[in-house]
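Note that the protein sequences, when read in sequence, are chains A and B. Numbering-wise, the working numbering puts 57 at position 57 of the first sequence, and it's gapless, one number per residue. Numbering-wise, the working numbering puts 74 at position 74 of the second sequence, and it's gapless, one number per residue.
Worth flagging that the hints you see were computed from the coordinates, not collected in a lab. Accuracy of the hints is not assured; some may be wrong.
Repeated chains share a single entry, so a pair holds when one copy, or any two copies, can fit it.
Derived pair list, reagent style EDC-like, types lysine to aspartate or glutamate, alpha-carbon separation capped at 20 Å [unchecked claim]: (1) Lys-81 - Glu-46; (2) Lys-82 - Asp-17; (3) Lys-4 - Glu-89; (4) Lys-82 - Asp-29; (5) Lys-82 - Glu-108; (6) Lys-4 - Glu-41; (7) Lys-4 - Glu-66; (8) Lys-81 - Asp-122; (9) Lys-81 - Asp-37; (10) Lys-81 - Asp-17.
All of these numbers come straight from a predicted model, not from anything done at the bench.
2 protein chains.
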Amino acid sequence: LSAKVQGIVLFAHGARDPAWARPFEAIRDLVRAARPDARVELAFLELMQPALPEAVNAIAASGVREILVFPLFMAQGGHLKKDLPVIVEGLRNAHPQVRIGIEPAVGEVPEVLDAISAWILDTAGPGP
Amino acid sequence: LSAKVQGIVLFAHGARDPAWARPFEAIRDLVRAARPDARVELAFLELMQPALPEAVNAIAASGVREILVFPLFMAQGGHLKKDLPVIVEGLRNAHPQVRIGIEPAVGEVPEVLDAISAWILDTAGPGP
Numbered sequence: 001l002s003a004k005v006q007g008i009v010l011f012a013h014g015a016r017d018p019a020w021a022r023p024f025e026a027i028r029d030l031v032r033a034a035r036p037d038a039r040v041e042l043a044f045l046e047l048m049q050p051a052l053p054e055a056v057n058a059i060a061a062s063g064v065r066e067i068l069v070f071p072l073f074m075a076q077g078g079h080l081k082k083d084l085p086v087i088v089e090g091l092r093n094a095h096p097q098v099r100i101g102i103e104p105a106v107g108e109v110p111e112v113l114d115a116i117s118a119w120i121l122d123t124a125g126p127g128p
Numbered sequence: 001l002s003a004k005v006q007g008i009v010l011f012a013h014g015a016r017d018p019a020w021a022r023p024f025e026a027i028r029d030l031v032r033a034a035r036p037d038a039r040v041e042l043a044f045l046e047l048m049q050p051a052l053p054e055a056v057n058a059i060a061a062s063g064v065r066e067i068l069v070f071p072l073f074m075a076q077g078g079h080l081k082k083d084l085p086v087i088v089e090g091l092r093n094a095h096p097q098v099r100i101g102i103e104p105a106v107g108e109v110p111e112v113l114d115a116i117s118a119w120i121l122d123t124a125g126p127g128p
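Make a model of the complete structure from these sequences and hints.
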């Protein structure tokens, strides 16, 4: 993919509770503010809209030819190892002119683990 | 709770795939390294061991009187709003001498959202 990807999809699990989407909307807004030149969309595996195909179809229809999917999951489980590749394979077949990449889970990013650890230590108190 | 809590529980969802636990183990190890004076334990809602009651019981048995539960969930859904309070209420009844606090989800922590956004922007490329 290019050094500057124009299609960014934040892929989250989804839940029945509408408030569940808030952190993902906050991340989307941060990324949109920094990348006003890009298409930045939230998409969900289940229970919330839009689904991943809907978001990717809309970005592809706008003429973007490179899309990166960022799974906003804490860790790699069945959803990312089994469900996501199947969905993306279907999207690649549907949009052969679009390159679609999949990033690892949030929990695979050392800087995010550091930020989580720092929050825990700030809250529980510093070491001896 | 005190400025320095001696019981720290990292509470994650759990999954069938053993590799799913890795990010949580990494966070636990970071916190343990910084807080060798504390009891720092992972616990799971389902599919993985130990369950939350098991971890809290073990920490309480060691004499710790203050425990903070950090939900390593991306967002607040039914698991944190319904399941977790019921489990913790049972633990408070079982251990009236132990103060047990519940922290918000990872996705409620601004510094974590910033770290996730920075990862996305680093990967997809900077703004215009």
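Status of each hint after checking the structure:
Proximity of Lys-81 to Glu-46 under the C-alpha cut-off of 20 Å is found in both arrangements, the shortest distances being 16 Å within a copy and 19 Å between copies. Taking the shortest Cα distances, Lys-82 and Asp-17 sit within 20 Å of each other only across copies (11 Å), while inside one copy they are farther apart (25 Å). In the homo-oligomer, the alpha carbons of Lys-4 and Glu-89 never lie at most 20 Å apart, since the shortest distance is 23 Å inside one protomer and 49 Å across protomers. In this homomeric assembly, Lys-82 and Asp-29 never come within 20 Å of each other (Cα to Cα): the closest approach is 28 Å inside a single copy and 28 Å across copies.
For the identical chains of this complex, Lys-82 and Glu-108 are intra-copy neighbours only, at 17 Å inside a copy versus 28 Å across copies, given an alpha-carbon limit of 20 Å. Within a single copy, Lys-4 and Glu-41 get their C-alpha atoms as close as 16 Å, which meets the 20 Å cut-off; across copies the closest is 40 Å, which misses it. With identical chains, the CA atoms of Lys-4 and Glu-66 are at most 20 Å apart within one copy only, with a shortest distance of 9 Å there and 48 Å across copies. Taking identical chains as interchangeable, the C-alpha atoms of Lys-81 and Asp-122 are never at most 20 Å apart, the minima being 33 Å within one chain and 23 Å between chains.
Proximity of Lys-81 to Asp-37 under the C-alpha cut-off of 20 Å is found in neither arrangement, the shortest distances being 31 Å within a copy and 37 Å between copies. For the identical chains of this complex, Lys-81 and Asp-17 are inter-copy neighbours only, at 10 Å across copies versus 25 Å inside a copy, given an alpha-carbon limit of 20 Å.
Checked against the numbered hints given earlier, the structure breaks hints 3, 4, 8 and 9 and satisfies all the rest.
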